[in-house]
Each structure stands twice: as C-alpha cells, then as structure tokens.
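Number of protein chains: 2
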Amino acid sequence: MKNFNRVNLKLIIRICGYLLLTEAAFLFLSLLVSLIYGENDALAFIYSILLTVGLGTMAVVFTRNEKNEFGKREGYIIVSLMWMVFSLIGTLPFMWSGSITNFTDAFFETMSGFTGTGASILNDIEALPHGVLFWRSITQWMGGMGFVVLALAVLPFLGVGGVQLYSAEAPGLTADKLQPRVKETAQRLWLIYLGLTLIETLLLWLGGMTLFDSICHSFTSMGTGGYSTKQASIEYYTNPYIHYVIILFMFMGASNFTLWYFALKLNFKPILKNEEFRLFVFIILSFSLVIATHLFLTEGYGIEKAFRDSLFQVVSIISTTGFVSADYMLWPPVLIAMIFTLMFIGGSTGSTGGGIKVVRILYVFKNIYFEVKRLIHPKAIIPIRLEGKTVPQPIVNSLFAFFVLYLFSFALGTLLMIASGLDMDSSMGAVATSLAGIGPGLGSTGPVENFYHVAPFGKWVLSFLMLIGRLELFTFLIIFTPAFWKK
Amino acid sequence: MKNFNRVNLKLIIRICGYLLLTEAAFLFLSLLVSLIYGENDALAFIYSILLTVGLGTMAVVFTRNEKNEFGKREGYIIVSLMWMVFSLIGTLPFMWSGSITNFTDAFFETMSGFTGTGASILNDIEALPHGVLFWRSITQWMGGMGFVVLALAVLPFLGVGGVQLYSAEAPGLTADKLQPRVKETAQRLWLIYLGLTLIETLLLWLGGMTLFDSICHSFTSMGTGGYSTKQASIEYYTNPYIHYVIILFMFMGASNFTLWYFALKLNFKPILKNEEFRLFVFIILSFSLVIATHLFLTEGYGIEKAFRDSLFQVVSIISTTGFVSADYMLWPPVLIAMIFTLMFIGGSTGSTGGGIKVVRILYVFKNIYFEVKRLIHPKAIIPIRLEGKTVPQPIVNSLFAFFVLYLFSFALGTLLMIASGLDMDSSMGAVATSLAGIGPGLGSTGPVENFYHVAPFGKWVLSFLMLIGRLELFTFLIIFTPAFWKK
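So the sequences go chain by chain: A and B.
The working numbering numbers the first residue of the first sequence as 78 and each following residue consecutively.
The working numbering numbers the first residue of the second sequence as 78 and each following residue consecutively.
Next up, chain A with everything else stripped away, as it sits in the complex (with noise of 0.2 Å):
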C-alpha cells in the first residue's frame, strides 16, 4: 500500500465519478431515441443509466474535499482507468437489450467503439434496435475527440491538473499550445467536432439518407470510427453524393481540427503551410491516383467509380475509419498491399484519427534526409525542422520510441493472433486494423467480413491493442512498469 499512498487515489476516484456522469449523459441521449423509436431497449438504458449515476455520485461525493491537485502518473492512470470503465459500462446496453449476449463480444464492441476502430462482430447490424444503434455510433463520437477532453470543456474545475489529463491521452506532438488555456482550447475543439457533425448529418440528410442514419454516420466518419448502420456499410447507398459527401468529413475528421478553426477566420495561410497537412493530402492523392489508374486500366472499371472507390477507400484507411464502400479484398494483390501500407500511416495530429500518425512519418524521412547530409558531413551540426521549429532531442527519442514501439506491438500482436488460430493475412490485417483504430483488415478479417468468427483469446488480443493504440502505446504501458512505480 505504500507505493499507492503515493498516487492521490481520492482524487483519481472523484475524477472517474465526474467522468462517469458525463458517459451517463450519453447513455441518456441514447435512451431517448429508444423513447421516440419505442423499442425494447428502453430499459436497458434506463438500468445503465441508473447504475453508472449510481457508481458516479457515489465516487464524487465520498471524495468531496479533495483538491485538485495532481501531478503525471494521476494522469495516466485516470486515462488509462476510464477506457478500460467506459468500454466495461458501455456493454451493458448491448448486453442488457440482448443485442450481444455474450461478454467478449460485448467488450470488443464497445471497446471499438470508444477507441473509434469500428471492427464489429455483429452478423446482422439492422436487426438492432434504433437506441442500441444510437448508442454504438455515439460511442465512437465521444472516443474520437477523446473523454479528457469532453470533461476539460464541460467541467470547470479541471484547470490545473487539466493539463497532465490532456496530455496523457493525447501525447502527440501539439500539446504546447494548449499549456495557457486548456479549457478555452477544449471547448473550441468540441465546437468545431459539434459544428462539423452538425453539417455533416445535414448534407447526408439532403442526399436521401434518413435522419437517423445522417446521424449515426456523422456521428462516425467525424470521430473516424466507421460503424456503419447497415451491415454493408457504405456500399449499401448506391448514390455517389454520400460517398463523396462522407470522403469529405472522413478526411476533415483525420485533419489537425486547429487547421479548420483557422479555415473558419478565413484564414488559409497556415493551412496552406502546414507540413503535416500537406504530406496526408499529397499522400492521398498519390495513393488514390495509383490505384484509380490501376482499377481503371487492368479491372475495367468506369473513370468516376474508379476515382470514387479508390479515393473513399484511401481516405477511409488513412483515416482510420474504416467505413467500406467496396471490397478491397477484390482488388489484385499489389493494390491490396497498398492499402495494408496505409494501415501504418494513420491520421494528423490534434485530429480524431489513430495509427501512427502523419507527423511521424514526415519525421522519420525527414531524418533519413538528414541522415544523408551528416554521412557526408559528419563534422556539421543539421538539426531537424518542422514547422520552422528546430524538433529538440528528447522529442526524438520519444518519437524513435513510439514508432519502434508500434512496430513490435504489431509483431507481437500478430503472433498471438496466429496463435489464436487465424491465418497469417488475416492476422496481420487485424492487428494493424486494431492498433490504428480502422476497422477491416485483410483475408477473414476483411472489409466484408468481420470479427465474429475469431476466437475469444483473439478478441481479447485485438481489444487490447485497440486500447493501447488509442491511448498512442505509453500512457496505458507505463502503469505496468516498475518505473512508473518508483519514487
């Protein structure tokens, strides 16, 4: 007990109560439109809400004169805490209503849910009641933009420790604007995520999808997660309007969201220079470009279908949202790896999409670049810029870390699922779906199938990497060095 007395456990409690509220909020939102629908699943909600107001208030108010005052490792463990309890009260709607009757498969649902993967095990996605459907989509609206950083705009008291939170669940490169003003850039954050979901759902909804479903996709290509709420996901709309419309949001989703607040004074500039953006667009493009050529040429696919299904499917993996509008699987071999290869790249920094993340990418050749002109002159000193920032060392050992670090989890990952029975593609497509937070992978585990079939052990393998990749490897790992308990 000695070593917890040293962590500020109280207030870790009080944090997750508060945080719990919030999720009841969510899970109210979703009962409604069980209310409006009038299904069975009402009381499924009304239990869950019952019980996580319950466990909040109760954790809020047994630790009432606690300060806020806490320092990194508070951090980590709240963050890491709240995944693993969002994902475990998130099931019970699912479970509840009897949607899923089984835990495991409860759990992964929920589980990609919140980290935005959107891998599904569900053979029958329309046979769901609205409520329960509201609630999976929702689930990926909330996990996208992150929980901290939903309770950094709506609480008010989370100014001071704010800061560790944020910065424990997303340790990404941006943090160093938002030292001053947490809250404020919180908020505006949420603003932005609201507003664009907002337009979004209008113009899915003048396209000729139902109000609902306008919802639910909004609510999922903006938070890059791709439930879908029908069992073909976006195949099933035939117009290539929503298509394009959900190209749009998917890849604005993926972008720095700072970038369209800029957008929004009208101001283009810094979009406009912005490295990272550039690098995600120009790969885009390049990638799309290829592999419209090649179904163009070799397939016999029209020119706009070409374009539409390579594009949507680009954007839809680097985004990591997963949404599907054709069936990649049935593309030649080298295409295919293409898209496996764009599985590693992942979204933009300050954005809603996991992986490994552009700005990582655009360092790492940057540095071989570098590399280059140190071999030959070994004597100057070549510092790295980015953003006309000279990139300062420990950052780079941080982010040799994280990239090698990814890497292994993906080897490891991918044993453990060939143990668990599947086949080596489909194992290496899942692992890489699940730790960048997509959705399908490669072989069983492709954009037409799902993860049904694949064993609990396998279930509770790729749930985890979810997680972890979500929370970007170290803020859930480090809880389980001895380090991290070390004085």
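Quick caveat, the hints were computed from the structure, so don't treat them as lab data.
Be a bit skeptical, because a hint or two may be false.
As the list makes no split between identical chains, a pair holds if one copy fits it or if it spans any two.
Below 20 Å or equal to it, Euclidean Cα-Cα: the simulated SDA-like pairs (lysine to any residue) are [stated by the list, open to error]:
(1) Lys443 with Phe480
(2) Lys563 with Ile348
(3) Lys149 with His454
(4) Lys563 with Arg451
(5) Lys87 with Lys149
Note that this is a predicted model, so its numbers are computed, not measured.
Once you've looked at the hints, dock chain B against the given chain A.
For chain B alone, kept in the frame of chain A given last:
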C-alpha cells in the same frame, strides 16, 4: 563534368584495379579446384581470370601517379562500385561454363553469393562442376568479411584512406577502435576468420563429410552465406554431429569477431560482459526453446530432434546464413511467424552476419525503456548507455534513420514483388530474406523451394535489395542523392 571532377576519379579507378586483382586471385583458386577434378569448367575460369587481370592491371597502370588521398565520397563510390563490378565479373564462371545460361539468373546467383544471402535459382546443384561449386562457395566467404577488409589486410598502401573505405563498407557502430591501425585490425580479423574456417573444415571432415564439401560448407557458414553443395542443403546430412558443428560456426560467424580474439587470449570477461552478445544468445535460446517445446508437445518430435531442428533453424536465420536442416514451412503457422520475426534481427556488429543487427535491437529497446522514465520525470536528463558509454545523439538519429529506412525498403520491396506476381507471404519472405542476406523466405520462396520461378523483374529487385542490405542501405543509396554531389 564539373561534379565528377570534385571526386578523385583516377584514385577510384586505381583502387578498383587492385580489388579486381584480388578477385582474380580467388578465381585462380577455383581454377585449381577445376584442374584437380579435371572438369570442363577450367576454360571458363581461365578466360575470367584473363579478363579480370587485364582490367585490373590496366586500371592500376594508367593511374600510377595518383596519391592515396581520398575522402568520404570516394569511399562510398569505391565500395558501391566494387560490389557491382565484383558481382558482374563473378557471373562469368557461371555463364561461360554453361552452369547458368541466363544473365539475370547468373547475376542473382552471384549477388546472392557475395552478399552472403544464399538465395539460389539452381534446380540441380549437384550437377555443377566442382570448380563452379567452389567459386559459388568462396564468393560467400569473400563477401562475408567484405572486400575492403580483405584489401586492407593485403594491400600495403591503403593506410590513410582505408578508414574511409572501411566505414563505407561496414557502417555499423564499431569503427571506433579501428582508427589508429586499421591495417592490423583487418589482418587480425582475417586471421581469425581463416583460422575458424580451417577448424570447421576439419571438424566437418572428421564427421564424415567429403573434404570438398567440408571446405565449401565452412566457407558459407563462417561467411554466414548459406550456399550448400547439396540441393537439399544440410538436410542432406543425417548425422546430428554435422548439424551441431554447423550451428556452432554459424553462431561464431554472426558474433563479433573481436570477442573470439579475446577468447584466443583466454580473456572471457569481455565476452560475458558484452551486451550485444548476451542479447544475441538470449534471443537464440528463447526462440529455440519455445519452438522446440511446441514441436515436442504438438508435432510429436523426439526431444533431441525438436531441440536440434529448432536451434539449427533459429541460428541459421538470425545469423543470416540460411542453411536448412528442416523445412520450417511444415511447422505450425505461429512458429513460421516466429522464424519470420527472426529475419528482422540479424547478426552482431563486427561479424559476417547481416540484417538490422542485434545492437540496434538492443538500443531500440533500451530507448523504449528510457522513454518510460522520461515520461515520468520529464525534466531529468536520462542518457542511453551501451557497454557503459553514453550513446551520442548523432548516433541515435543515425540508428533511427537506418531502422526506418530498413522497414521502408522492406515495405516498398514487398509491393514490387507482389507486383511482379508473387503472393503476399512469399513476397514478404523473399524481401525480408534478401535485405538481411539470409536465403530462404516464406511460401514459394521457402526453405525447400528456390528463386528460379521468380519473374526477371523480381530477381532484379531482390538482387538490388541484397546489395543495399549488405551495404547497410546508406552507403549505396547516398550516391543517388543530390546532397552527395553538392559542395
């Protein structure tokens, strides 16, 4: 021409001349073998020698008055050029003896030889004349230690520029101790190399192998090359003793040669304290143990066979030799995946082994461990230590660049191989095995298969990967960057 004038072209030609004469000496050894067996390949060697000696003499004579002053650029050019020229000339005995009729195949076979890869296109190795078999084996012995180290040991005048050459051919992390007396170091390395090769020959001969086969297998195990004089590789030999001898010498070939120098002086402390060596042994033992246990428990292997087969295959792959004593493609999928993982580790620095190399893996995991510490104590300066010394930041960046470029080459190579018509698993295996210089891959490029069926385009891609892999990526690629030619 302005750019070309900046590098000392005459000196480059002169050194290439000397290296060609060295290659001629090895061709002469093969000619002797051919004459002893009185087979029809003698003429092929005589013509090859005449051409090589002619070219070499011309190069040396016409550049006689050039001083041995050269810098980094000349070093990179000479080394890259030599590996190309050696491989081109190395094809002649194959082509002129009629052993391989197709130039693409002959180049693949020779490049695979010099780079110590051991991937073959031959369908009936036993049908080759002894001189050609000897040449095929000795290319791996030469290439294993490197042409430059050879030249440094033999040629009297390479003292000053030698360091530049050495660090271009062996750009690992160990050039530090070589600075003062590079010639003595090279001689010492070659003596140990030669000594161990002789001992292995003797041990194999005593085990019942013919003298000829003993010599050839010693060349290719100490050079961690993997060419066998038998189509079935080491599986041909049923005597366990032979398997264990080869395991031992593959292991020694892929360990840092400096350690064997200490061992000769009966100083074992540096060996036991060497962090890279310890990790190397640990990886071998842990992988072998898991694989052996699996084969014993689920596949019905006897204990000794389970142990020997797994140890042999593990050492063969991690040492980047590529001998085969059992077809690992017949093992359960998870064990195949473990073997595939080993392909990304490789041998030690200062050895004939290739791949990413153990010291980089060691560094990479240390960095992850230290990153955890840094995350908890962000203000503390925590340097990374290796062998008791702090690793300087330029080395960190260099290592990072290598690691990423290696994986990027793997990804791009795999895409190209899939485009050439191979399936995904075979492509991944072929590329991983070529980059690391191992030999057998996966699927249709697996241990009992060969590379004959690969399309010509694919063979060129793999040859290129072997070359850049052997020269640790930057040495060859740097020449094609604009930065290399700019002042």
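Status of each hint after checking the structure:
no.	hint	in the structure
1	Lys443 with Phe480	both (15 Å within a copy, 14 Å between copies)
2	Lys563 with Ile348	neither (44 Å within a copy, 32 Å between copies)
3	Lys149 with His454	between (40 Å within a copy, 9 Å between copies)
4	Lys563 with Arg451	between (39 Å within a copy, 13 Å between copies)
5	Lys87 with Lys149	within (15 Å within a copy, 62 Å between copies)
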